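4 protein chains.
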Amino acid sequence: MSKPIEGRGHGAFEHGEELCQAKPFVHRIRVHWGDCDPAKIAYTANIPAWALKAIESWWEHYAGVDWYQINLDRKVGTPFVHMNLDFRSPVTPRHMLDCEVTLKRLGHRSITHAVRAYQDGVLCFEGEFVAVFVDPETMKPRTPPDGILETIRARCSESS
Amino acid sequence: MSKPIEGRGHGAFEHGEELCQAKPFVHRIRVHWGDCDPAKIAYTANIPAWALKAIESWWEHYAGVDWYQINLDRKVGTPFVHMNLDFRSPVTPRHMLDCEVTLKRLGHRSITHAVRAYQDGVLCFEGEFVAVFVDPETMKPRTPPDGILETIRARCSESS
Amino acid sequence: MSKPIEGRGHGAFEHGEELCQAKPFVHRIRVHWGDCDPAKIAYTANIPAWALKAIESWWEHYAGVDWYQINLDRKVGTPFVHMNLDFRSPVTPRHMLDCEVTLKRLGHRSITHAVRAYQDGVLCFEGEFVAVFVDPETMKPRTPPDGILETIRARCSESS
Amino acid sequence: MSKPIEGRGHGAFEHGEELCQAKPFVHRIRVHWGDCDPAKIAYTANIPAWALKAIESWWEHYAGVDWYQINLDRKVGTPFVHMNLDFRSPVTPRHMLDCEVTLKRLGHRSITHAVRAYQDGVLCFEGEFVAVFVDPETMKPRTPPDGILETIRARCSESS
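Chains as they are written, first to last, in this note's numbering: chain W, 21 to 180; chain Y, 21 to 180; chain E, 21 to 180; chain R, 21 to 180.
Read the hints as simulated data drawn from the structure, not as lab findings. Note that the structure is predicted; figures quoted are calculated from it, not measured. By construction, the Cβ of each residue, glycine as well, lies at the ideal position given by its N, Cα and C atoms.
Listed next, the in silico DMTMM-like pairs over lysine to aspartate or glutamate satisfying Cα-Cα at most 25 Å (straight line):
1. K60/R - E80/E
2. K124/Y - D106/W
3. K43/E - D140/E
4. K73/Y - E120/Y
5. K43/E - E120/E
6. K60/W - D93/R
7. K124/E - D106/R
8. K160/R - D93/R
9. K73/E - E120/E
10. K73/R - E120/W
11. K95/E - D93/W
12. K124/W - E146/Y
13. K124/W - E148/Y
14. K60/W - E80/Y
15. K73/E - E80/Y
16. K160/W - D93/W
17. K73/R - D106/E
18. K124/R - E80/R
19. K160/W - D93/E
20. K43/R - D106/R
21. K60/W - E120/W
22. K95/E - D155/W
23. K95/E - E157/W
24. K160/R - E148/R
25. K60/W - D155/R
26. K43/W - E178/W
27. K43/W - D118/W
28. K95/Y - D93/R
29. K60/Y - E157/W
Among the chain W residues that face chain E by a calculated CB cut under 7 Å, a handful are:
30. C56
31. D57
32. A65
The following block holds chain W by itself, in its conformation from the complex:
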């Protein structure tokens, strides 16, 4: 059964957050032929998918766990509650797509990332992505297990 996620909606994750001034983490994507539509540019729906892959790589790098590990091994789900995206310039296979991921806010209830993606120095898209921490079985809010937020904060300080 589909369970509503408690704490979803804007305003639920406003308190106790802090800004982490890290240098952007860059996740490089090879755009393929099959990612493009007959307009010869990447089909729009691939773009949020790439942004999520970039954010998952950020997790692996900064928290030491990817989403598979944090969900299955650490019993923390991180479902998204919001995303917004502005598409600035078409994406094609002519260049690599460099997705810069920045941590914007980190709290005990939610985490916000910004993604800005470039091809050959041109900004192609940018967006913001908000996820919350939940128990993966009940989908109720939970705080991340000890150590994960500390690891992220420590690595962000190192890289800023």
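Dock chains Y, E and R against the given chain W, drawing on the hints supplied.
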């Protein structure tokens, strides 16, 4: 070569628009096993993809042309410049996913749709999607060919 | 950890099988703009994905359970061990894609489906797909729970 | 309109082919959370998609053109006419997925690749993929432009 899309960015499509008070158009989607991730809910990146399919079905119904036809036969591209989405409740294969599409704004430069999607009466996600009209070869702004906006306006009036 | 699937490989599911002469089940797919690549035809990798969706719909119709239900509620996994596909004619959004699914072999260890897909009467692709029955936790072979094979056989007889 | 591809079907590309004994080319793929289904393994339909990406990377490496370039710049389409796949062991995000691509046959009408993919030394899947050379507008058979087959043959000799 990746060409920047002129007129992209908020503010470019503010003037000359009008609200079309149509009843929502419903595009029904069957959620599949492979759409779900190990959390047993639809993977987030599928959601914007479904919203786009619902909007494309809206085009077919209200404008009489799908994106394949409007691009290849009528030489009008409709790239998205913005999307935002709030995820309210998880999507699963337990129920059909009914995507309600509403036209929010229609002008000579851009078109804005809202999508609200339900499973078993529960709001699962909602979002807004802004596309602009371009020449598909040059990616420069163009107005839609005669008849398309009129067709949309006429059908929206009928259904409101 | 990735566990090898026992009983995988050709020859493991040769015995005790029987042919079920059912009429083809038809699963209709709407091909979208974003399914096509710059050659203006459906990108190849979408084709096995559509065939699997058609087979999943067959399951829902003939066995009364989709893959989500058979896995999560009935504790039977049905991983594929083999697929082969011949691509006969390009798929486009110009017509609906009608995927005919036929049960070819059904045993206590494996199940084989054929899929033949048409647009406007033209054969676009055809293929064969072999899946095995496993315990979803251990990935070891298991027989399907009571009733599922009987339900399939009964419905196949009705429709032949 | 969907045009049938001439020369499709087995037997059309039997003559004038030759074996190119190259060392496998390895295309490494990072498996993501969203690639997995509720069985906690990669969803089957992602596997042919990955194999195609590996083959496209092979093209870029051995022919000096990816599918975007060969189609749009060189006016050669390379649609697949056949694929077969055996799934040997589940794919998960626990390890990188190394896709070995080998050229099996190369002629003036078709090209055949084998893909064998490993995670942590375990064979996960293997398959064969046959594509033909066509004019991308008419979908009629054509020979590849001068230089492409020669480039492939030269690079295969170097690497064998």
